[in-house]
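**Student:** What follows is the residue order along each chain.
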Amino acid sequence: MFPIELAGVGFRPDGQCVLSGIDLQLDGDGISILLGPNGVGKTVLLRMIAGLQPVSEGRLTWGAASRPDEAVAMVFQQPMILRASVLDNAALGMKPLAFGRRERRRRAHEMLERVGLADRAADSARLLSGGERQRLALARAWAVQPRLLLLDEPTASLDPSAVDAVEDIIRGIRTDGCKVLMTTHNLGQATRLADDVIFLADGRVQEHAPARQFFARPRSNAARRFIQAELPWRIRFDE
Amino acid sequence: MIDTLFAALRLLGSFDRTLVDIVWLSLRVSLTAVVLGALIGLPLGAWLAVAEFRGRNLLVVLVNGLMGLPSVVVGVVVYLALSRSGPFGSLGLLFSPGAMVIAQMMLVVPLIAALTRPIVEDAWREYAPELRVMGFSRGQSMQTLIHDCRHSLLVALLAGIGRAMSEVGAVMIVGGNIDHVTRVMTTAIALETSKGDLPLAIALGIVLMAVVLALNAAAFHIRRWAMRRYA
Ligand SMILES: Nc1ncnc2c1ncn2[C@@H]1O[C@H](COP(=O)(O)OP(=O)(O)OP(=O)(O)O)[C@@H](O)[C@H]1O
Ligand SMILES: [Mg+2]
Chain S
1 MFPIELAGVG FRPDGQCVLS GIDLQLDGDG ISILLGPNGV GKTVLLRMIA
51 GLQPVSEGRL TWGAASRPDE AVAMVFQQPM ILRASVLDNA ALGMKPLAFG
101 RRERRRRAHE MLERVGLADR AADSARLLSG GERQRLALAR AWAVQPRLLL
151 LDEPTASLDP SAVDAVEDII RGIRTDGCKV LMTTHNLGQA TRLADDVIFL
201 ADGRVQEHAP ARQFFARPRS NAARRFIQAE LPWRIRFDE
Chain D
1001 MIDTLFAALR LLGSFDRTLV DIVWLSLRVS LTAVVLGALI GLPLGAWLAV
1051 AEFRGRNLLV VLVNGLMGLP SVVVGVVVYL ALSRSGPFGS LGLLFSPGAM
1101 VIAQMMLVVP LIAALTRPIV EDAWREYAPE LRVMGFSRGQ SMQTLIHDCR
1151 HSLLVALLAG IGRAMSEVGA VMIVGGNIDH VTRVMTTAIA LETSKGDLPL
1201 AIALGIVLMA VVLALNAAAF HIRRWAMRRY A
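Chains S and D supply the protein sequences, listed in that same order. All letters in the first sequence, in the order written, are residues 1 to 239 by the working numbering. All letters in the second sequence, in the order written, are residues 1001 to 1231 by the working numbering.
Fair warning: there could be bad hints in the mix.
[Unchecked claim] Partner residues are not named here, just some residues of chain S that face chain D (Cβ under 10 angstroms, in silico):
1) R47
2) S66
3) V72
4) A73
5) G93
6) L97
7) L127
8) L150
[As the list claims (entries may be wrong)] To give an idea of the interface, some chain S residues facing chain D are shown, with a C-beta separation under 8 angstroms as derived from the structure:
9) E70
10) F76
11) L82
12) P96
13) R126
14) S129
In short, the hints are calculated from the structure, not lab data. Because the structure is a prediction, the values reported are computed rather than measured. Even glycine gets a Cβ: it sits at the ideal position worked out from N, Cα and C.
With the rest of the complex left out, here is chain S:
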């Protein structure tokens, strides 16, 4: 499935230009973080890579394949929570896979333990808080042992300790050998998690660099302005 390659990918719904000429290569390890202002097309890009959004302009390939395989998992900003127990929700993603019912439940339980929801297994999932729902969604994604995990703002509107918990889970998933591609508007989170940063602005990839380099010496002016504007304090870059 890797490297995932985008060449000249564009997205122009009804004449307006959202994405154009996106060139990007993603290897199969580490955490890549997509940064960029609201409406720049981060979610659209994630949906394309998940195979949910047809690519009408340019080329998108998953290794040698022209469509993603079942080793892709995605957690949406508002994850689907079924009217069922936490355990059943965690086991849901394994339904299309060749696991027996007992194996599914065993693995779901193991994942709930890893995300700290094991004691809630029998509860109704609809009663979980926002942060707990995110953890449940991550457990569900993790349970299928994906090779690529796509996360769309996994910590939006979570409190700091919930953010911390979710970040720990994401690190754990990477340690298991899963590639993570995620969006966030939390630059602190990006500095904590990212191995590399992909910065989108004006419909293009302005920068794709190792995280350290991106935050210490952003090359494009757009990236500098973005970082300066989003940090709660003012920083000045050398040069």
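Here the structure of chain S is known, so what remains is to put chain D with the ligands in place on it, guided by the hints.
**Tutor:** Same frame as chain S, but now just chain D with the ligands:
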């Protein structure tokens, strides 16, 4: 008038044999028709919700239209199909409870399907991306969505039971209203009223309404319990 009502209550209180037989047959026929109808109607409605093909909208309109199918029309169609010279005449089902189940199923399937479709479609619109990424097939998605909407879908089943229990035309035609064989509550009420035996008619009317009310009350409580449990 008051006398008639008292006579009706006396019939109810004494568990009059004729009355009990009629009520029991009614319940058996209608509940069988709804259970079998739901086995077809729920998946049909869910399939209409998630399917993408040319002519889908036409089919949706058709199923919606069939909700209002007059029961006498269904009666005539089933009668023709089951009559001795009809395609299924050899089954010998005409004027049997089986024929009434078939007729009521034909009334109930489009009703359940039409009520199921928009409920499942709303859920599908919300969940489709996630189910797709997880690799769910259409069938697996349908199953998951029906299960997730189960409390709302109770309404569809309830409407089906109401329709099946209260219709007269179809069971009259295909059942023949034969005493102790195919006489159900609605056909008995129609017959007894025309004969002037009002106490039995009124007693049956009371039972019919009580059954429908009880089912609705049960559904109401299940939904309220579900609301609290699943928010
Ligand atoms: N299916 C679609 N049809 C038309 N326009 C769309 C469609 N999907 C997305 N867009 C448009 O594409 C643009 C980018 O949307 P997208 O959701 O990817 O932004 P984003 O970078 O995720 O923003 P945010 O940070 O606010 O989440 C928006 O202007 C949106 O209106
Ligand atoms: Mg977005």
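**Student:** Look at each hint and say if it fits the structure.
**Tutor:** We went through each hint and held it up to the structure:
no., hint, verdict
1, R47, "7 angstroms, holds"
2, S66, "17 angstroms, violated"
3, V72, "6 angstroms, holds"
4, A73, "7 angstroms, holds"
5, G93, "5 angstroms, holds"
6, L97, "8 angstroms, holds"
7, L127, "6 angstroms, holds"
8, L150, "8 angstroms, holds"
9, E70, "5 angstroms, holds"
10, F76, "6 angstroms, holds"
11, L82, "5 angstroms, holds"
12, P96, "4 angstroms, holds"
13, R126, "4 angstroms, holds"
14, S129, "11 angstroms, violated"
Comparing the model with each earlier hint shows violations of hints 2, 14; every other hint is respected.
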